[in-house]
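Make the full structure from the sequences, and use the hints.
Chains as they are written, first to last, in numbering that gives the first Met the number 0: chain W, 0 to 338; chain B, 0 to 338; chain U, 0 to 338; chain Z, 0 to 338.
Hint data in this document are derived by calculation from the structure and do not stem from the laboratory.
Just so you know, not all the hints are guaranteed correct.
Which copy? The list can't say, so a pair holds if one copy fits it or any two copies do.
[Stated by the list, open to error] Listed next, the in silico DSS-like pairs over lysine-lysine satisfying Cα-Cα at most 27 Å (straight line):
| # | residue 1 | residue 2 |
| --- | --- | --- |
| 1 | Lys337 | Lys323 |
| 2 | Lys75 | Lys5 |
| 3 | Lys61 | Lys75 |
| 4 | Lys10 | Lys75 |
| 5 | Lys337 | Lys118 |
| 6 | Lys70 | Lys5 |
| 7 | Lys5 | Lys61 |
| 8 | Lys323 | Lys155 |
On a predicted model such as this, the values are computed, not experimentally measured, just so you know.
There are 4 protein chains.
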Amino acid sequence: MIITLKSGCSKEAVQELIHDLETTYNLDVFLSEGAEYTLLGLVGDTASVDSRIIESLDIVEKVTRIQEPYKKANRKMHPEDSIIDVSGVKFGGGHFGIIAGPCSVESREQVISIAKDVKAAGADMLRGGAFKPRTSPYSFQGMGAEGLELLLEAKKETGMPIVSEVMDVSQLPLFEDVDMLQIGARNMQNFTLLKEVGKLRKPVLLKRGLAATYQEWLMAAEYIMSEGNEQVILCERGIRTFETGVRNTLDITAVPVMHELTHLPIIIDPSHAAGMSRMVHPLSLAAAGIGADGLIIEVHNDPKKALCDGPQALHPEEFAALTKDVFAIRQALETAHKK
Amino acid sequence: MIITLKSGCSKEAVQELIHDLETTYNLDVFLSEGAEYTLLGLVGDTASVDSRIIESLDIVEKVTRIQEPYKKANRKMHPEDSIIDVSGVKFGGGHFGIIAGPCSVESREQVISIAKDVKAAGADMLRGGAFKPRTSPYSFQGMGAEGLELLLEAKKETGMPIVSEVMDVSQLPLFEDVDMLQIGARNMQNFTLLKEVGKLRKPVLLKRGLAATYQEWLMAAEYIMSEGNEQVILCERGIRTFETGVRNTLDITAVPVMHELTHLPIIIDPSHAAGMSRMVHPLSLAAAGIGADGLIIEVHNDPKKALCDGPQALHPEEFAALTKDVFAIRQALETAHKK
Amino acid sequence: MIITLKSGCSKEAVQELIHDLETTYNLDVFLSEGAEYTLLGLVGDTASVDSRIIESLDIVEKVTRIQEPYKKANRKMHPEDSIIDVSGVKFGGGHFGIIAGPCSVESREQVISIAKDVKAAGADMLRGGAFKPRTSPYSFQGMGAEGLELLLEAKKETGMPIVSEVMDVSQLPLFEDVDMLQIGARNMQNFTLLKEVGKLRKPVLLKRGLAATYQEWLMAAEYIMSEGNEQVILCERGIRTFETGVRNTLDITAVPVMHELTHLPIIIDPSHAAGMSRMVHPLSLAAAGIGADGLIIEVHNDPKKALCDGPQALHPEEFAALTKDVFAIRQALETAHKK
Amino acid sequence: MIITLKSGCSKEAVQELIHDLETTYNLDVFLSEGAEYTLLGLVGDTASVDSRIIESLDIVEKVTRIQEPYKKANRKMHPEDSIIDVSGVKFGGGHFGIIAGPCSVESREQVISIAKDVKAAGADMLRGGAFKPRTSPYSFQGMGAEGLELLLEAKKETGMPIVSEVMDVSQLPLFEDVDMLQIGARNMQNFTLLKEVGKLRKPVLLKRGLAATYQEWLMAAEYIMSEGNEQVILCERGIRTFETGVRNTLDITAVPVMHELTHLPIIIDPSHAAGMSRMVHPLSLAAAGIGADGLIIEVHNDPKKALCDGPQALHPEEFAALTKDVFAIRQALETAHKK
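Next comes the structure, spelled out in C-alpha cells:
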C-alpha cells in the first residue's frame with residue numbers, strides 16, 4: 000500500500016502517522032521524500048487496513064492499494080488452477096462440468112424425469128430448488144425439506160451428484176447429503192451464512208450478486224475460504240445494468256477476469272441472466288467459446304407450467320441441442336490448440 | 000392485468016388460455032376482440048400471477064400489470080400516511096425523526112459520550128452497530144452481544160430509544176430490548192430474516208439494497224408486513240451506479256416516489272451514501288428540503304480513529320450545525336405553507 | 000398501443016380522449032369497456048405517438064406499446080437477414096467479416112505494415128482512426144485528413160476496404176473514398192450527423208452508445224435508414240455499468256437480441272470493451288460462439304508506443320492466433336449444424 | 000503521478016522506462032527504491048500522459064494519478080467561485096438563477112405567454128427549444144430558426160435573457176443573439192461542437208451526459224475552456240441507472256462534489272431528471288437545500304398538449320408555488336448562517 004501525502008505537511012504529522020500505522024496494523028513503513036511528493040510505502044499484511052480511513056486523514060492525498068484484499072482466493076498465492084471435485088464431477092483446470100435441472104423441485108415424477116433426460120443429453124450434475132428466494136411473499140416459496148428428499152431420490156436413480164440453494168443457516172442440517180451448496184445472488188453478502196458454509200467441508204457454488212464487483216465477489220469467496228473451506232466454484236449469472244430489454248446483463252468478461260485474479264473455477268448460468276429461454280443456447284455457446292469451466296442450466300419437461308421461472312427453462316430436447324454445440328466448440332478449440 | 004394476444008391465434012388456443020387462467024389463479028377473465036388486437040382482462044387478485052410466465056406463452060404478445068404486486072405497503076389500500084412510533088419517537092405523517100450515533104459500538108465511554116452529544120444537538124434516537132456486515136472477513140466484525148448491552152446502557156443514560164442492525168435470524172433473541180431492528184442493505188432480500196422480523200411486533204428500519212428497484216424494496220417491506228408486522232420505516236442509503244467519485248449515489252427522488260406509492264415513512268442515510276463526511280451536511284439539507292420523514296446519521300467523537308466507516312462520520316459539533324440547518328429548512332417550509 | 004383508463008372516469012372524458020387521439024394522430028381507436036377496466040386500442044401508425052404524454056393524462060392508468068417505434072430496422076417488416084456488402088466484404092446472413100487495424104493512423108509505414116499483417120492473418124477490412132474523439136482536449140486528436148489519405152494508400156496497397164470514424168458533418172466530404180463510415184459511441188445520438196449519413200449511399204458502422212438501450216440504438220439506426228440509407232451494421236463495444244475492473248462491460252447478449260429485433264448485422268468490438276489487450280482473444284471467441292456477424296479489432300505493430308489506446312491493441316501475431324481460433328469455432332458450429 | 004513497478008524488474012528496464020517518460024512527456028522522474036516496492040514519481044504537467052498506456056507496460060504494477068487531468072476547470076487552480084453573468088443574470092458565488100420556459104417553442108403566443116408568466120413567478124431567464132434532439136426520427140424535431148426568432152421576440156417583450164440548445168456546429172450562426180448556448184446531455188462529448196463553442200465568448204450551459212462521470216463532465220468543460228471560453232455553467236439533469244420507476248436518477252450529490260472539484264457554478268434540471276411533473280417541485284426543494292446555484296424548469300401553459308416532453312412540464316401556477324418554497328429555503332439558510 001502506497002500513501003501519497005499532501006504537499007507541505009509538517010514533519011511531526013508525518014512521524015505521527017508512521018507511528019500510528021506501525022502500531023495499529025503491525026506494518027513496516029518506509030518514507031520516501033521527493034521534490035513534490037512525500038510517499039509512505041507500507042510493507043506487511045495490509046488486508047485489514049481500511050484505505051478509506053487512511054484517505055480521510057487531513058495530510059493524506061491518496062492511497063493506492065498494491066496487494067489485493069483477498070488472500071486465499073488470490074491466484075498470486077496459488078498460481079495453479081484449483082480443480083473442485085463434486086462427488087466425482089470436476090470443475091476447473093480444463094475440466095468442464097454441466098449442471099442441469101428444474102428451477103424448482105415440483106414432484107417426484109418431474110424431478111426424476113428431468114434428471115434422466117438431462118443425463119442422457121450430457122449433463123454431469125442435477126440442480127433443483129427446494130428453498131426458493133422469491134421477490135414476492137405471495138409467490139411459490141419451494142417445497143422445502145420435501146424437495147431436498149426428492150432431489151436425493153433423483154440422485155439415487157441417476158447417479159448424478161446434486162446441488163441446491165441454501166437460504167439460511169437454519170436450513171444447513173437438511174443439506175447433509177446434498178453434494179454442493181448453492182449460495183444465491185441475493186445472499187452473496189449474507190456474511191453469517193458464508194461463514195457457516197465455510198466451516199463445512201463441502202463444495203460451494205457462489206453466485207455473483209446482482210450488483211457485486213469482481214472484488215466483492217472474491218471477498219465473499221474469501222469469507223468461505225478463510226473459515227477453512229476452499230472448495231468454492233464461482234457462478235456468473237448476470238448483473239444489473241440500465242438495460243431492461245433482458246432481465247440481467249450476462250457479464251461474460253467475468254470469465255477471463257476471474258481466471259486472471261483467482262485460481263477458483265467459474266461457471267456460467269445463462270438461464271437466470273437473460274431470463275428468456277431462447278437466449279440460453281447462444282449464451283451457452285459464448286460461455287464455451289470464452290473458456291468457462293462449466294454451465295448451470297434450467298431444464299423443465301413442461302416449461303409453460305413451471306411454478307417458477309418457467310420462461311427461462313429449456314425443453315430437454317433443446318438442452319440436448321445445446322450440449323451438442325457446446326461440445327463441438329470445446330473440441331474445436333482443443334484441436335486448434337494441439338496443432 | 001391485461002394480456003395482449005398475438006394476431007392470428009386460433010379460437011381454441013384463446014379458450015384454453017382463458018380456462019387455464021381461471022382455474023390456476025382463480026381469476027375472472029374477460030375477452031375483448033378487436034380488429035387488430037385480442038385482449039384478455041384479468042380481474043381478481045393478480046399478485047401471485049407471474050407475468051413473465053404468461054408472456055412466455057406462444058400466443059401472448061405482451062402482459063401489462065395494472066395492479067401493483069404489493070398490497071399492505073400500497074398507498075392505494077391505505078391512503079393515510081402511516082405514523083410509526085418507536086418508543087415515543089414518531090416518523091411519518093409530518094413527524095420528522097433524527098437518528099444519530101456511531102457506526103460501531105466500540106466502548107462504554109464512546110457510546111455514552113456520543114449519545115449525550117447527539118441528544119444535546121437534537122437527535123431523537125441513538126444508532127450503533129453491534130453486528131457489522133463487512134466486505135472483508137479480515138475487518139472488525141463488531142462487538143456483538145456486548146455491543147448491544149452498551150447501547151442499552153446508553154439508552155438508560157439518555158432516555159433515547161435505540162436502533163441496531165440484525166444480520167441473521169439467530170441473533171434475534173439478543174434484540175429483545177432494542178427499540179427498532181435495522182435490516183441492512185445487503186440483507187434487504189434475505190427473505191428468511193424478513194419473515195422472522197415480520198412475526199415480531201417491533202418497528203423495522205428497512206434499508207434499500209444497493210441495486211434494488213423501488214418495487215423490489217416495497218416487496219421486501221411486503222414480506223415483513225404480510226407476516227403481520229406493519230411497522231416498517233424505509234431508508235434510502237444510496238444506490239450503485241456507474242459513478243465512482245462517491246461511494247454510492249443517493250437517490251433523493253426515492254422520497255417523493257415512495258410518498259406516492261406507499262403510506263410508509265421514508266428516511267435518508269446521507270452517511271453511507273456518499274461515504275465522505277463532508278457530503279453529509281449538504282445531503283441532509285436536500286433531504287429536509289424534499290420532505291423526507293427523518294435522517295440517520297453517523298457521529299463519532301474521534302472519526303479518524305473509528306474502527307469502521309470513520310471517513311463518513313461527523314464530529315458532534317458538525318452534527319449540531321447540521322441539525323440547526325435542517326430545522327431551519329423545515330420551519331421555513333411549514334411557515335410558507337401556512338400562509 | 001393499448002391505453003388502460005382509470006376506473007370511474009366519465010363517459011365525456013373518454014369520448015374527448017378518443018376524439019383527440021383520432022384527430023391528432025390519425026388513428027382508429029376502439030373502446031372496450033369491462034367490469035373493472037376500460038381499454039382503448041389504437042390501430043394505425045403509432046410510431047409518432049409519445050406514450051409518456053398519453054400516460055400523463057388524468058384519466059389514463061397505463062399505456063402499453065405493442066408496435067415497436069422503429070420500422071425500417073424492424074425484423075417484423077423485413078424477416079430476412081440484411082447482408083451488407085462493403086466493397087465486396089459481406090456482413091450478415093451467415094457472412095462473417097473481420098475488421099482490423101490500428102486505433103489511430105500514425106504514419107505511412109505504420110498503417111501499411113499493420114494492414115499487410117492483418118490481411119495475412121485473415122482480416123477482411125482495415126480500420127484506422129484519423130479523427131479521434133478523446134476524453135481530454137490535451138490528448139492526441141488524430142492526424143485528420145492526412146490520416147485518411149494514408150488509409151487510402153494502405154487500401155491501394157492491400158486491396159482491403161477501409162472504415163474510419165467521422166465525428167462531425169463538416170468532415171463528411173473528406174470521407175468520399177472511405178468504404179464505410181463509423182459513427183462512434185459518443186455520437187450515437189448526434190442526430191444531425193445521423194441524418195446526414197442517412198442521405199449518403201454508403202455503409203455505416205453504428206457503434207452502441209455507452210448507456211444506450213437496445214431500443215435507443217435501433218432508433219439511431221432508424222434515423223439513418225429513415226433518410227434512405229439502409230446499409231447499417233451495428234457494433235456492440237461495451238456498456239457502462241457499476242463494474243470498474245474492466246473499462247466497459249461487453250454486452251454479449253446484444254447479439255441474439257439484435258438478431259431477434261432487427262435484420263441488420265451486428266459485430267463485436269472486443270478491444271474497446273474491456274480496454275485490455277489480454278481480454279481481446281477470449282471475448283472474440285465468445286463473439287464467434289454466440290453467432291456475431293463479425294469482429295472489429297485493434298492491432299498495432301508496437302502497442303506499447305501507440306499514441307492512443309495502446310493497452311488494448313494486439314500484436315499482429317496475437318491477432319493471427321485469434322483468427323485461427325475464431326475460424327475453428329465457426330467451422331465446428333457449421334459442421335455440427337449440417338449433421 | 001506515481002508509478003509502482005513490479006517486484007524483481009531489472010535495472011535496465013527501469014532506466015529505459017525513466018528515459019522514455021522523460022523524453023516522451025518532458026517530465027522529471029524520481030526513483031525511489033524500497034525493500035518491496037520500486038516507485039517512480041513523475042513531476043511536471045502530466046495531463047497529457049495516458050495512465051492506461053503506462054499501466055499496460057510489463058514492468059508496471061499500478062499507476063496513481065495525483066493531479067486531476069483538468070486544469071482550467073480545477074478549483075485548485077482557481078479557488079474562488081466563478082460567477083457567470085448571462086446578460087445581467089448571475090450564477091455562482093452565492094447567486095442563484097432560475098431559468099424557466101417551455102420544452103419546445105411552439106408558437107409566438109405560447110412562448111410570450113409562458114415568458115410573462117414565469118417572469119411574474121420569479122424566473123430570471125427564459126428557456127425554449129428550437130432544435131430538439133429526439134430519440135425517434137418520427138417525433139417533432141423543433142421549429143428550428145423560426146423558434147429562435149420567437150424566443151428573441153419573447154426576450155424583447157419581457158427583458159429576460161434566453162438560453163436554447165445548439166445541436167450542431169452548423170447551427171451556431173443562428174445563435175448570435177441568444178444569451179447562453181445549451182449543450183445537451185447527448186452532445187456532452189461532441190468534441191467538435193465543444194471546441195467551436197469554446198472559441199466564442201458567450202456563456203455555455205453544459206448538461207451532464209446520461210452516463211458521464213464527474214471527471215468526464217469536467218473534461219467536457221475543459222474542452223470549452225481550453226479554447227478560451229471560461230463562461231461555463233454545469234447542469235445536472237439525471238443519470239442513467241438500473242432504476243426504471245423514474246426516467247433518470249437525479250444525482251443531487253453532484254452539487255457538493257462539483258463545488259469541491261471546480262469553481263464553475265452548477266444548476267439542477269429537475270424536469271428532465273424524473274420526467275414527471277409531480278416530481279419537479281420536491282426535487283427543486285432538494286436543490287435549494289443542498290446549495291445548487293440555480294434551476295432550469297420546464298413550464299407550459301397547456302402541458303397536456305405540449306408537442307414534446309409534456310408530462311414533465313409545470314403549469315405556471317405550479318411554478319409560482321415552487322419558486323415561493325425555493326425562496327423560503329434559501330432565505331432560511333441565509334438567516335441561519337448569519338446568526
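Evaluate Lys337 and Lys323 at a C-alpha cut-off of 27 Å and name the case that applies: within, between, both or neither.
-> For Lys337 and Lys323, both the intra-copy (21 Å) and inter-copy (12 Å) Cα distances are at most 27 Å.
Alpha-carbon proximity context of Lys10 and Lys75, limit 27 Å = So Lys10 and Lys75 pass the 27 Å test across copies only (23 Å; inside, 37 Å).
Intra- versus inter-subunit Cα pairing at 27 Å for Lys5 with Lys61 | Both: 8 Å inside a chain and 20 Å across chains, each within 27 Å.
Go through the copies and call it for Lys337 and Lys118: within, between, both or neither, with a Cα cutoff of 27 Å.
-> between (29 Å within a copy, 24 Å between copies)
With 27 Å as the alpha-carbon cut-off, assign the pair Lys70 and Lys5 to within, between, both or neither.
-> between (31 Å within a copy, 18 Å between copies)
Using 27 Å as the alpha carbon limit, work out where Lys323 and Lys155 are close: within a copy, between copies, both or neither.
-> within (26 Å within a copy, 44 Å between copies)
Between Lys61 and Lys75, at a C-alpha cutoff of 27 Å, which is it: within one copy, between copies, both, or neither?
-> both (25 Å within a copy, 16 Å between copies)
Taking 27 Å as the upper bound on the Cα-Cα distance, should Lys75 and Lys5 be classified as within, between, both, or neither?
-> between (32 Å within a copy, 13 Å between copies)
The structure meets every hint from the earlier list without exception.
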